[in-house]
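Number of protein chains: 2
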Amino acid sequence: MKLPVLYKIFKQDIQLIEKELKSSIQARSRLLQNASVHTLKAGGKRIRPVFVLLTAKFGDYDIERIKYPAVALELIHSASLVHDDVIDQADLRRGSPTVRSKWDNKVATYTGDYIFARAQELMTQIDNPLAHKVLAKTILEVSIGEIEQIKDKYNYDQNLRDYLTRIKRKTALLIAASCQLGAISAGVSETIHKKLFLYGYYVGMSFQIIDDVLDFTATEKELGKPAGSDLWQGNITLPVLYALREPILAEEIRKVHADMSHEELRPILEKIKKSGAIEKSMEVSNRYLNKAFAILKELPDTKNTRYLYDIAEFIGKRNY
Amino acid sequence: MKLPVLYKIFKQDIQLIEKELKSSIQARSRLLQNASVHTLKAGGKRIRPVFVLLTAKFGDYDIERIKYPAVALELIHSASLVHDDVIDQADLRRGSPTVRSKWDNKVATYTGDYIFARAQELMTQIDNPLAHKVLAKTILEVSIGEIEQIKDKYNYDQNLRDYLTRIKRKTALLIAASCQLGAISAGVSETIHKKLFLYGYYVGMSFQIIDDVLDFTATEKELGKPAGSDLWQGNITLPVLYALREPILAEEIRKVHADMSHEELRPILEKIKKSGAIEKSMEVSNRYLNKAFAILKELPDTKNTRYLYDIAEFIGKRNY
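As they're listed, the protein sequences go chains A and B.
Heads up: the first sequence is residues 1 to 320, going by UniProt numbering.
Heads up: the second sequence is residues 1 to 320, going by UniProt numbering.
Hint data in this document are derived by calculation from the structure and do not stem from the laboratory.
If you're wondering where the values come from, they're calculated on a predicted model, not measured in any experiment.
Just so you know, not all the hints are guaranteed correct.
Treat identical chains as interchangeable: a pair holds within one or across any two.
As the list claims (entries may be wrong) - With a straight-line cut-off of 20 Å between C-alpha atoms, the simulated SDA-like cross-links for lysine to any residue are:
id, residue 1, residue 2
1, K106, L92
2, K151, Q33
3, K170, S29
4, K297, E313
5, K168, A27
6, K317, T217
7, K151, R30
8, K151, R28
9, K151, Q26
10, K41, R94
11, K22, A42
12, K106, A90
13, K106, Q89
14, K303, R245
15, K106, N155
16, K153, D104
17, K153, W103
18, K273, E220
19, K137, E20
So here's chain A without its partners, still in its complex pose (with noise of 0.2 Å):
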């Protein structure tokens, strides 16, 4: 089964939830609203509702009650896009200009700030105390990680666990606890919405190990920026921890700067794409996704569990 297909079992919900965030961030403030707007355009496949909805449905399914942790999530995920480019000061995302540079810093510092706000308003329809702990937890992990992420910026004498913990709270995180509390709101048992914790942090993980590797892989058109961004921009990914490894390619890697220009870029692109290295960050990630088959085997096998391997597969094979 094609991820299209869980898109279209899904879809009622899935339109909904859509309109559901749309007016979630309904603000008397003009700007507020259109740059809320923008933020929730350049959201992309809204995999996180998704997830809470697929674990969700391990439970007492009731999409109105459902609607508030995923359109929460999705919430909390633009929210950190937003403040994520403030600190990188980066003017594109996925093709279009952030907040950031289509207005300024101000106006993404308080945008980012009322959909974090929003989000968790929504999440208190949620009577359960163990659901906003784990949104908190969440949420301050993630915060964390925006800082590492800095502090870790053309570091170039990082190793493969810098990294890991670095994509964790990125984005695994934040994907696991989609998954539990989809399967929390629910009224899924403890054991049950720890295993899809556990699933949701495998697949994030893997998510995130695919979308480094498709900075090199994928075209400018795929991609909304040109490839290779984030070496240029210092980000240290898996492929370039590779690519590190190989001393001749290394000190050239090392000389990459945010004022290189794009064709001086694109030799060192090449050789980091021929290293082997794309490779390897490949098996990383399918060894992140085995895990996360592995707990869907110890799940009951009826058509939900087969729901996330279908989508924990699409997500291994996406190459956009």
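Starting from the known structure of chain A, fit chain B onto it as the hints suggest.
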């Protein structure tokens, strides 16, 4: 009774809160740690925790439980100041450089995010869904306040209601929430915690009006910044709104801009002070204070109610 007496009675608990505040922001990143400590140091009188403690006295007072909302509310206040300074591009707060001026906007953005996240994580120690609803709504209103404040800058055509809505979001709601959350966390009945919310709201309105008056009447040393800074930065406060009712003075006020030297500003400040605007503003402040006192009359006449009377009176008479 003076406030110092009140602080003396609660001395041990206030010291505990201060210790918990410090340990709440322990972070592995040294930069984040320094920026967070710097933020808390600039904090001032800790009136939000004091209100949490005072109102918790109406119920089952257990400092080991009450410390969570007490610390959380001070952290939320601090985090909002850090982001406010990004939005206002402010370099000084109470005589100290702001995080954004000591470091930069990036550090201020993530330090604020981190402190916000930590606050909400601490609050999850309180297993009462109502507490989370109150807090989430408050943070949402505060975040909307950040934006409205920008919109109204140098807008001399706003009216009293605009100003009152602004200070409600900027100050009064968080003090109101502190009063209500202290009570809710101590298991106080709905009738009482709703009255305590209202009490906090009225006291908070008075508190901010006096703050805005002091910007004209206090010395630079007391303020930690030149007198008249609000006007200079385009913050139209209550004294300015009253002064704008004098046509000739209004013409001069409308010419104020951020590039004006302090020498040029001083005669305008003097005229505002002599226009009766300060007295009229204090009348409004006193009206709010009296409303706060009226609420207290509806509460049982105990020692704890009298503490709330004392702190409101102190706030109403403070001159720094």
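Identify every previously stated hint that the structure contradicts and give their numbers, smallest first. 14
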